[in-house]
Amino acid sequence: MNRRKVIYCAILIVIVLLAWYAYHEYNRTSTPTSELKSDYNLSASVLINEFEQNDSISEKKYLGKTITVTGMLKKVEPENSMLLLGDSTSSLSIRCSLDSTVLGTAASLRPYTVVSIKGNCIGFNRDELLGSDVLLNHAIILKSKTN
Amino acid sequence: MKTLFLLGFSFLLTITAGAQDKYFTKSGKIRFYSKTDFETIDALNKSVTSVIDTKTGAIQFAVQMKGFDFKKAAMQEHFNEDYVESNKFPKAEFRGTITNNNTIDYKKDGEYAANVKGNLTLHGQTHEIETIGKVLVKNGKIAASADFILALADFKILVPTLVKDKISKTVNINVTCLMEPLK
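Keeping their order, the protein sequence lines are chains Z and P.
Under this note's numbering, read the first sequence as residues 1 to 147, first letter to last.
Under this note's numbering, read the second sequence as residues 1001 to 1183, first letter to last.
Excised from the complex, chain P in its bound form:
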């Protein structure tokens, strides 16, 4: 009887533990920023989907390219039509892992450094990226953030020769996601 109870109880524990393992958001923010003397490009996407599996450290992002908003309409149109060709490649995706996941205690409030490594697919090209992000655990939620640089050439994003010296060859990316447990 006692073993049956213990078995049943530990089974229940594993189910509830499993449900608490994943955190997600569908309103994550990704901002990209590029500055030269000629032009400042600043765009924000507020509809990013992201999931973290806190048990394995697996982390994924899904980004709709048409969701990047620019202040200037002409810039947004050039971005979509000429640079990232969003009609051909409507989505960007990142699949990776937090390589130091076992150093992060998701149950304890605090700020943890997260070493992230994985594959980013953008403009139909897949390239490995590695960066150090931040995981802030507070009140049962996770605030995940990272800042890194992408080289346009890695994703075959071509800058027209006319503006080659005016548009930066790299962009700064800022990711901010406030994630809640998946129930």
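Isolated chain Z, as found in the complex:
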């Protein structure tokens, strides 16, 4: 009698744990960028160069990875929540789409300052007409230096 009760209890506990896990997993939201560990830490020009030289190899390397990139802020587009890093004489940029948690901070940034951005690499858009971009998503600003 006692053993059967124990077994029933154990099964019940397992079912509850499984249900809790399934519910938790189903409702899980993406880890915020601030809590993610960077897979790569490099300068904007190095990252841009890698993609420019060979986009398919670079895509395999960086796609879906968390990247911390440091470079010159080329342009701020507050209306699109976008920041552009790179050399202002080049048509290539790192285009960072700001995470919803830092939307307000874009307007305070000044071009031609050096910034460090952490974000998720979603790809490279090669475009001779518009200028090619390395694209980062859910970007947050780690630090910025004013000259």
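Hints are computed from structural coordinates only; laboratory data are not their basis.
Any given hint could be a false lead.
[Unchecked claim] No farther apart than 30 Å at their CA atoms in a straight line, the calculated lysine-lysine pairs in the DSS-like style are these:
#, chain 1, residue 1, chain 2, residue 2
1, P, Lys1141, Z, Lys74
2, P, Lys1088, P, Lys1072
3, Z, Lys60, P, Lys1071
4, Z, Lys74, P, Lys1183
5, P, Lys1091, Z, Lys75
6, P, Lys1107, Z, Lys75
7, P, Lys1156, P, Lys1141
[Said to hold, decoys possible] Not close to chain Z: a few residues of chain P, all C-beta gaps over 12 Å, as computed:
#, residue
8, Leu1004
9, Glu1077
10, Gly1110
11, Val1137
12, Gly1140
13, Ile1149
14, Leu1150
[Stated by the list, open to error] Here are a few chain P residues that sit away from chain Z, every Cβ distance over 12 Å (derived from the structure):
#, residue
15, Ser1086
16, Ala1151
17, Leu1152
18, Ile1157
19, Leu1162
20, Ile1167
21, Leu1182
All residues carry an ideal CB built from backbone N, CA and C; glycine is no exception.
Since chain Z is already given, all that's left is putting chain P on it; use the hints.
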């Protein structure tokens, strides 16, 4: 002298006219939405690149598949790993034309219907799509939008047998792009 001046002036006109022909955005939005009794799938991509050549009606979109954001992380992971296989096929592209382009006056503010036809490449498959979109001309900018339906099977996007009846075979797509002249 007069002919030289006229020639020079008309040459200048054509150059400036050419520069005004193309409109673009790199922050276009594409949302896809699919609803069944079992599940509602809703994802938004805010990094879409799009160009319209107002002279020819040629229109192009470039979409990074990993740029689609879902509220639920597990759904986003399934989307990328199992459905669209974004590591294998990181980009989707549309190349088409506004077939009634000559009925749209891009210099005059107003709302115009745009018949769009072209090829969509998604998950490595190319399929022709045709839809009616909207071009809203206002203050020198173009707001292009369209709503249409895609069938997953057309792009060999496979729904696992286990959830075959729970996940819809079609998705609703909404495109919204605010485009500025390319200088």
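Status of the hints after comparison with the structure:
1. P:Lys1141 / Z:Lys74: holds, 23 Å
2. P:Lys1088 / P:Lys1072: Distance ~22 Å between P:Lys1088 and P:Lys1072 Cα, so the pair holds.
3. Z:Lys60 / P:Lys1071: holds, 25 Å
4. Z:Lys74 / P:Lys1183: holds, 17 Å
5. P:Lys1091 / Z:Lys75: holds, 25 Å
6. P:Lys1107 / Z:Lys75: Roughly 28 Å between the alpha carbons, so the hint for P:Lys1107 and Z:Lys75 holds.
7. P:Lys1156 / P:Lys1141: Status violated; Cα separation ~37 Å.
8. Leu1004: holds, 33 Å
9. Glu1077: violated, 9 Å
10. Gly1110: holds, 23 Å
11. Val1137: At roughly 19 Å from the nearest Cβ of chain Z, P:Val1137 sits farther out than 12 Å, so the non-interface label holds.
12. Gly1140: holds, 15 Å
13. Ile1149: holds, 25 Å
14. Leu1150: holds, 20 Å
15. Ser1086: Given a closest Cβ separation of 8 Å, the condition is violated.
16. Ala1151: holds, 25 Å
17. Leu1152: The claim stands: P:Leu1152 keeps its Cβ more than 12 Å from every Cβ of chain Z (closest is about 22 Å).
18. Ile1157: holds, 19 Å
19. Leu1162: Holds, because the least Cβ-Cβ distance between P:Leu1162 and chain Z comes to about 15 Å, which exceeds 12 Å.
20. Ile1167: Per Cβ check, P:Ile1167 is outside 12 Å of chain Z; nearest 15 Å; holds.
21. Leu1182: Not fine: 7 Å to the nearest Cβ puts P:Leu1182 too close to chain Z.
Figure legend: structure checked against the earlier numbered hints; hints not met, in rising order: 7, 9, 15, 21.
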